[in-house]
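Sequences are here, hints too, so could you generate the full structure?
These protein sequence lines map, in sequence, to chains P and B. Under our numbering, the first residue of the first sequence is numbered 1, with each subsequent residue one higher. Under our numbering, the first residue of the second sequence is numbered 1, with each subsequent residue one higher.
Be a bit skeptical, because a hint or two may be false.
Residues on chain P that point at chain B, a partial pick, calculated with CB under 7 Å [stated by the list, open to error]:
| no. | residue |
| --- | --- |
| 1 | Pro215 |
| 2 | Ser218 |
| 3 | Tyr254 |
Because the hints were derived from the structure by calculation, they are not lab data. Where a beta carbon is used, it is the ideal one built from N, C-alpha and C, also for glycine.
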Amino acid sequence: MYKAFLIKYGEIGIKGKNRYLFEYALMDQIKFSLRKVDGQFEVTKEQGRVYVEALTEYDYDEVIKALSRVFGIVAICPVVLCDNNEWSNLCQVTGDYMERTYPDQHLSFKVFARRADKSYPKKSMEIGADMGEYLLDRFPDMTVDVHNPDVALNIEVRERTYIYSISIPGPGGMPVGTNGKATLLLSGGIDSPVAGYMIAKRGVKIDAVYFHAPPYTSERAKQKVIDLAKIVAAYAGPINLHVINFTDIQLAIYDKCPHDELTIIMRRYMMKIAEHIALEEGSLGLITGESIGQVASQTMQSLRATNAVCTLPVYRPVIGFDKNDIVEISEKIGAFETSIQPFEDCCTIFVAKHPVTKPNVRAIERSEHHLVDVIDELLKTAIETRETILCE
Amino acid sequence: MEVYMDNAATTRAYPEVVQLMNKIMEEDYGNPSSLHMKGVEAERYIRRAREILAGILKVEEKELIFTSGGTESNNLAIIGGALANQRAGKHLITTRIEHASVYQPMMFLEQMGFEVTWLPVNAYGLVDLDALREAIRPDTILVSMMCVNNEIGTIEPIADAAAIVKECNPNTLFHVDAIQGFGKVVLHPKRIGIDMLSVSGHKIHGPKGTGFLWVRDRVKVQPLMLGGGHQKGMRSGTENVPGVAGMAKAAEIEYTDFENKLEYLYGIRSYFIEEIEKLEGTVVNGGKSRGSLNRPAEDQQDACAAPHVVSVSFQDIRAEVLLHALEETHVYVSSGSACSSNHPAISGTLKAIGVEKRYLDATVRFSFSFDTTKEEIDECVAQLSRLLPMLRRYTPGGRKRGGKRV
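Have a look at this one:
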């Protein structure tokens with residue numbers, strides 16, 4: 001029944017002279033999201049609106065699912081199209097639309113008419129009034145309510161007439177690619193995919209780094225991270241996942257540094273490596289899934305200690321979230337089930353019984369000094385031998 | 001050199017099996033229920049498979065029900081057996097070291113109102129037969145016990161167990177999960193008083209997704225797959241012709257020249273254990289020498305081992321890490337403890353035989369096939385002796401016990 005979709009977008013509207021850039025980015029993302037959906041679609045822009053028109057048969061649910069993952073879309077309105085010929089024909093089509101969409105018919109409505117094509121014989125007001133009259137005649141149970149209608153029926157006359165009344169919420173945010181790129185430290189947990197999703201929602205393209213430590217972490221743990229990257233990529237667009245072999249660095253730390261500082265020192269080297277890759281790949285910041293106080297390495301003191309090794313800004317979108325809040329988003333984006341698969345990641349194996357919770361940066365630096373002979377070479381090798389996997 | 005020592009998980013199909021299945025899928029692809037020639041051809045493969053398998057077990061051909069594997073066979077025996085006989089009573093008996101495909105159906109039946117007695121085992125994993133004798137009641141309808149334990153390779157005294165069951169209550173059915181035992185011990189279920197026996201195809205170099213349940217004539221079992229009435233209504237669904245034929249072919253090969261192969265494999269096993277015990281900080285779990293289906297004499301309990309499974313605990317090593325480290329050198333093993341059930345009566349084999357807590361996470365299962373060579377054992381042991389000191393450097397206990405700082 002629906003031949004087109006009207007795409008409503010929010011924040012892009014206020015972007016002044018850059019607005020067209022955002023609109024084109026949105027259209028690109030829409031086209032990208034529809035590439036795996038069967039059927040042919042045309043994405044057009046006119047007078048501050050974006051339309052997706054289906055040129056062939058298609059699966060409605062698939063299209064809605066694809067579009068509701070495009071950042072920047074506030075709402076998706078499925079549209080019925082009608083050629084501009086006899087008025088009676090438009091009445092018929094509109095009436096049929098109402099009948100099918102609202103089988104119950106006990107409702108109030110208001111017609112919002114717009115006339116972009118000024119050569120159309122009726123004015124907007126007349127379209128509204130005449131269509132209201134037709135619908136009231138055809139459906140005795142319907143009433144008109146101009147202040148608080150149950151159904152806002154939109155009729156827009158362009159080169160054809162667009163009829164719509166349903167609005168399906170989109171994810172909001174801004175189109176990916178309008179705000180540069182950032183590098184996500186992706187583990188196999190719940191938090192980091194959510195963090196990546198949240199930053200991508202602000203229009204940021206995502207790159208990801210994963211620290212693999214065979215034989216302490218298994219191939220399946222790595223596959224899980226790839227799966228998570230793909231889940232985030234369904235919203236954020238293709239993600240380059242850089243897999244770093246972290247084993248030798250981890251063992252060196254274990255060998256030479258105090259065990260209660262293992263995690264914090266490990267985190268610092270992870271940040272260093274991530275920053276190095278970020279700068280190489282043109283990212284403008286790092287993203288982590290840290291949340292204050294969640295674990296020993298995420299106390300204020302620990303965050304300060306890990307932060308101290310980077311010059312790039314570190315974005316921590318879930319910093320003030322409780323675990324439950326994070327889980328909620330994780331479930332919403334479909335990552336939760338994958339995140340809770342029980343494969344060890346490198347954080348959980350080399351953990352001291354009582355890690356420091358209030359590390360002192362100077363003390364940590366002194367401990368790291370034990371590594372001075374080997375660490376540069378180890379970092380270099382880890383970065384150079386990384387494996388890059390395209391996740392989409 | 002690739003060393004596959006996880007044959008208790010699954011095996012590589014014999015080339016003859018693959019060849020036969022290929023031919024059936026490409027040429028003789030008919031449905032055995034079809035009336036035309038193509039159907040008759042396909043049916044012949046099923047008949048031939050029945051002949052072979054019944055011949056090995058010395059049972060009647062019509063007593064075999066082909067299934068999708070060991071799990072389905074166990075489910076059919078336990079749930080189907082309990083449902084069909086619940087008028088005679090609602091008491092079931094099994095052991096604390098069964099595979100999940102036995103204890104999960106048992107727990108399901110517990111929820112359905114049946115009562116289950118869980119028998120303990122001794123340090124070798126042998127089921128306590130006195131406890132079995134005491135547990136059998138007039139309303140006991142089914143006893144289920146495994147033939148060879150999948151985690152430590154103990155051969156259970158099922159012949160004695162069968163005798164006890166029939167002596168205490170002749171109406172009680174005795175089911176044996178022989179998924180690890182078939183192909184590694186000589187099994188003649190009818191002669192020792194078993195009523196049902198589960199077998200899987202892929203543990204004996206046959207295809208995955210195949211198996212069968214032998215059900216003694218006149219034993220009542222409620223079918224779980226309902227439909228077109230295939231296999232006399234006991235298991236509806238078009239027979240997996242290539243799978244069934246492949247499984248029978250594998251069984252035929254497995255049981256050819258069997259005594260010699262068994263001798264060879266027990267030799268491999270002893271050699272492996274000898275080499276393993278030379279390594280520092282290792283403990284071999286379960287019995288060490290050759291076992292049989294008959295209960296070993298009290299003073300010879302050590303002699304209860306199947307030829308193909310060796311469970312080893314490594315002091316100060318995490319099994320999963322060792323497994324992945326071995327994997328990097330193309331040696332494939334399994335971590336020892338599979339059971340993580342929440343049921344209070346089920347503890348997993350390692351816990352049930354009293355393995356110390358610190359070893360539960362430190363146990364690896366090595367499992368062989370008749371194709372395992374001495375060279376492969378040497379390679380595996382060489383990798384172990386290289387890896388163990390290295391891995392112990394990075395565990396707290398290992399360092400305390402003299403691992404060197406580098």
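Hints and how they fare:
Interface hint at P:Pro215: satisfied, since its Cβ lies 3 Å from the closest Cβ of chain B, which is below the 7 Å cut-off. Given hint, P:Ser218 at the interface with chain B, holds; its Cβ is 5 Å from that chain's nearest Cβ, closer than 7 Å. Here the hint on P:Tyr254 is kept, as its CB sits about 5 Å from the closest CB of chain B, short of 7 Å.
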